[in-house]
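There are 2 protein chains.
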Amino acid sequence: MAWQLKLASHLRASPLRCSVSRPSGAWLSCHHQHAPRHFSSRVSLAAGIPRVSPDSTMQSQTTLAHTTRRTLTAVASCRLTLDNINPNVKAAKYAVRGEIATKAEEYRVRLAQGDKSLPFDSVIFANIGNPQQLDQKPISFFRQVLSLLENPLLLENPESLRTNFGYPQDVIDRTKVLLADVQSVGAYSHSQGAPVIRDSVAKFIEQRDGFPANPQDLFLTAGASSGVSTLLNVICDGPSAGVLVPIPQYPLYTATLSLLDAQCVPYLLDEHKAWGTDVDAIKENLSKAKAAGTDVRAIVVINPGNPTGASLSAEDIKSVLEIAAEERLVVIADEVYQTNVFSGEFISFKKRLRQLQQEVPGKYDNVELASLHSVSKGMVGECGHRGGYFELVGFDPEVAAQIYKYVSIMLCPPVIGQCLVELMVNPPTEGEPSYELYRKEYNGIKDGLRSRALALYEAFQKMEGVECQEPQGAMYLFPTINLPAKAIEAAAAENRAADEFYCLQLLDATGICVVPGSGFGQKENTLHFRTTFLAPGTDWAQRIVKFHSEFMAKYK
Amino acid sequence: MAWQLKLASHLRASPLRCSVSRPSGAWLSCHHQHAPRHFSSRVSLAAGIPRVSPDSTMQSQTTLAHTTRRTLTAVASCRLTLDNINPNVKAAKYAVRGEIATKAEEYRVRLAQGDKSLPFDSVIFANIGNPQQLDQKPISFFRQVLSLLENPLLLENPESLRTNFGYPQDVIDRTKVLLADVQSVGAYSHSQGAPVIRDSVAKFIEQRDGFPANPQDLFLTAGASSGVSTLLNVICDGPSAGVLVPIPQYPLYTATLSLLDAQCVPYLLDEHKAWGTDVDAIKENLSKAKAAGTDVRAIVVINPGNPTGASLSAEDIKSVLEIAAEERLVVIADEVYQTNVFSGEFISFKKRLRQLQQEVPGKYDNVELASLHSVSKGMVGECGHRGGYFELVGFDPEVAAQIYKYVSIMLCPPVIGQCLVELMVNPPTEGEPSYELYRKEYNGIKDGLRSRALALYEAFQKMEGVECQEPQGAMYLFPTINLPAKAIEAAAAENRAADEFYCLQLLDATGICVVPGSGFGQKENTLHFRTTFLAPGTDWAQRIVKFHSEFMAKYK
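Protein chains in written order, with our numbering: chain A, 911 to 1466; chain B, 911 to 1466.
To be clear, the hints were calculated from the coordinates, so they are not data collected in a lab.
Hints should not be assumed to be uniformly reliable.
Claimed, not checked - Here are the simulated DSS-like pairs of lysine-lysine, each with C-alpha atoms no more than 27 Å apart in a straight line:
1) A/K1396 - A/K1350
2) B/K1000 - A/K1000
3) A/K1086 - B/K1047
4) A/K1047 - B/K1000
Work out the full structure: start from the sequences and follow the hints.
This is how it looks when you write it as structure tokens:
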């Protein structure tokens, strides 16, 4: 075990359990087991070395006496240790909520407590696509319906809902439709999701793509993450199974493959072609993986891209589907940013596949596709509700039945999140009472995202050594940062990756929290960071410009 | 592949994707890929043999012509098949939503459509603990707060909330406290759960047990199922890892162990000691498993029991903790039914452990315990909201940090479900405006459960060959049924387990849906069924009595 605490002999048989502060932000408590009301301490693990400090909230006078008397010499002896738990869990990496985010939260708390010693007056959380943590207001229609679903007794006074709270009639009507199907949002639904909601999703897909969709191929999920986990759990059959994953990527994919002890087969996106897919890179890595004995079964595409912000062209999508058809790869299309597109138009993998099946008879018939969507992104931004779905296309029905069995073990996705999926795919339409406000709110969010994306992009244009692709979609920019040799040396001296070093200094100087490119994977000898463009205002872009120029001067 | 469809030669290159009706109730669609708008069929897999029937909702005249012309000779050739997907998923069994439940749903639909040919006029879903699917009304205080959390704009007119909708002031106040912490229920929270909610849970545990609890040891979850999955994922390190699981059990445990390719080490509960734990049975099976090379790491206890309804005594709990201490087993205490106790009082594993640590210095110090709770059961009954938590006691902080990393990959549990956990553990107290109604609703539900449990129990007493332990807790009774030899032969002739045969006949005759004991595991040569006592009224118990006496007469 990596940590040992020594206690005086009278306590030797009594291990401590300890509060540990992790970079992840997890806090775990510690109480002496014999006298839990009289003995408590916190141990902070920094760089593996325990530090003990008194926990004022739990300690009595007696405890303090105890604490000061004891020497830390006892040994913890847990049944489960880092050395014997599931090694796949240990191997998994997930850095989105890492050290820099934790430090940013500490700064936020200090500012809230009136600390004037920091060189900034606000913390900007640009590290995570969490719109409602920042200024994004929920869309009124959605939340009005959800409030009635949570308390249907409100429906007994529709007059007051209308006059005192401005609830339009279509809010009331929609609530009744949903309740007629789910009965209560407190009851388990069908494990694939409530039938009426899957019907709505199927209609949405049909309208989006111009090709039919069947409610029976749809699985409602607790956010897209849970859908990805389900799919990879079914697809991967052990250590030789491999899945092609774009680099840079959202680390959910590599983490889940680690948990399954399966192989991540990376393929680099082409930064200089606006982060598009590079067919040669895919084929080359596929061949290498096959030669190494990996049974490559699937390819993940994130479109629009996370962290790249890229929106794939019809040609790019075709080339992926071509490889999938030729190489017998299941396509996992992560399309959670499908409405976050600024230039051009979103094309779904399903639509492109159906087009190609019509255009080139035979060739694409065997392609299996799973495409994912979510209420967390887009103009909905309802991450905390954990709603989403995936559609299966071309799957063997027996495999789909296994997917059903798998999801049924967890009973059903959150029902209120399912209802939100329904509202997302079936929003108010022209002529309905909620339509005007809905359009206004929707467009307001979309315009805000676009203008902030452009402001950031323009700021990056001015910055020495920074290259950024034009914003196309999603909620992110992922600029390259070319740092001076001295900065890279200074980072190495601190035992840090150079992008991490840069991002930490950015946070310390400006209060702006972004994620180093190494958290997503990047081409060798390149450095990046990912920033969202969700935070209110655009002037914080200038904070980055100022910091960058000072940083470059310092390490010139 | 188990299924092959043959098509006429002009369609040979075009595999079908098919709607498959599974006993699970999953429906998967089927469209011919070349002409998705013109071609559709449904294939029903019964006993592995495909039957094709027209799908009236999707078919055009053209399609029908196509369908009748074709012969089914083409071969589906999917990349993923039953033969190459994750074998652990394939091996997992989860029967709670099985064939009998599907048939009951079909009967419900027929009755709703006016079918008069059935020998009953309502279907009673006694197969699943889903209170709000039946008559249980949500508790007003909970849903009032949730409605405001979903639409905080309602807070702008508190006067109308009070006068037009009867919202008490404490509902408004509580909403504000929760919103101050989570900001928006649409934002991701901390991956362990929102801080203010973990604080409330810790206070609840302290008050329940008289021993301290630390918010930093608590992990909010999407229902207890997700907590169990997390814990088993971390604990099990491969095929030699084993977990002791009570028999009969809730099949989540065996299914999750299958998914992890770990060993379920069963131990029989002692039916004749009110389904208590049998120390000798645990020790015997533990020894056998060890001798067979299994590294037994943990023991699961479900208290109050599912499906048994038993409530463990202080002595039973002590004996489990003793074995855990001696044999170095992590204890997983599934305590989701902790408020569903009719006789005696619920004792938590945490409380008992702390008592024993005080009473017998040294012996119990190394016990690691994870205890789970949920909003799905109790008088809350909010299954669809997927809320719950687990508390870690005595875990190595480094292992707890790995659990944190694991849960952070899925970002956070549903935030509205987290808020419901807060309301469950911190309900209105005496003197607060919502208190009287809360008590009335809470007690009404509790009394209803008790009286229905007793009515069922009394009915079982009258039934020949049926033995049932006195109701103690949870939402279930799990009677033994001693069936005549002729019934067992008749079941065998239909290739069915005898308990399944009995439950199917019960459904066909009465519309009452229960789950055969074989779905939970039972002692060899015994037969049981599990029934909830959630359905409204008590007269349906008489339907069972009548059926049983006719069944016994028929097979005498």
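Verification of the supplied hints:
1. With a C-alpha separation of about 50 Å, the suggested pairing of A/K1396 with A/K1350 is violated against the 27 Å cut-off.
2. In summary, the hint linking B/K1000 to A/K1000 is supported, as the alpha carbons are separated by about 25 Å, within the 27 Å threshold.
3. For the suggested pair A/K1086 and B/K1047, the alpha carbons sit about 17 Å apart, so the restraint of at most 27 Å is met.
4. A threshold of 27 Å between alpha carbons decides the hint, and for A/K1047 with B/K1000 the separation of about 43 Å lies outside it, so the pair is violated.
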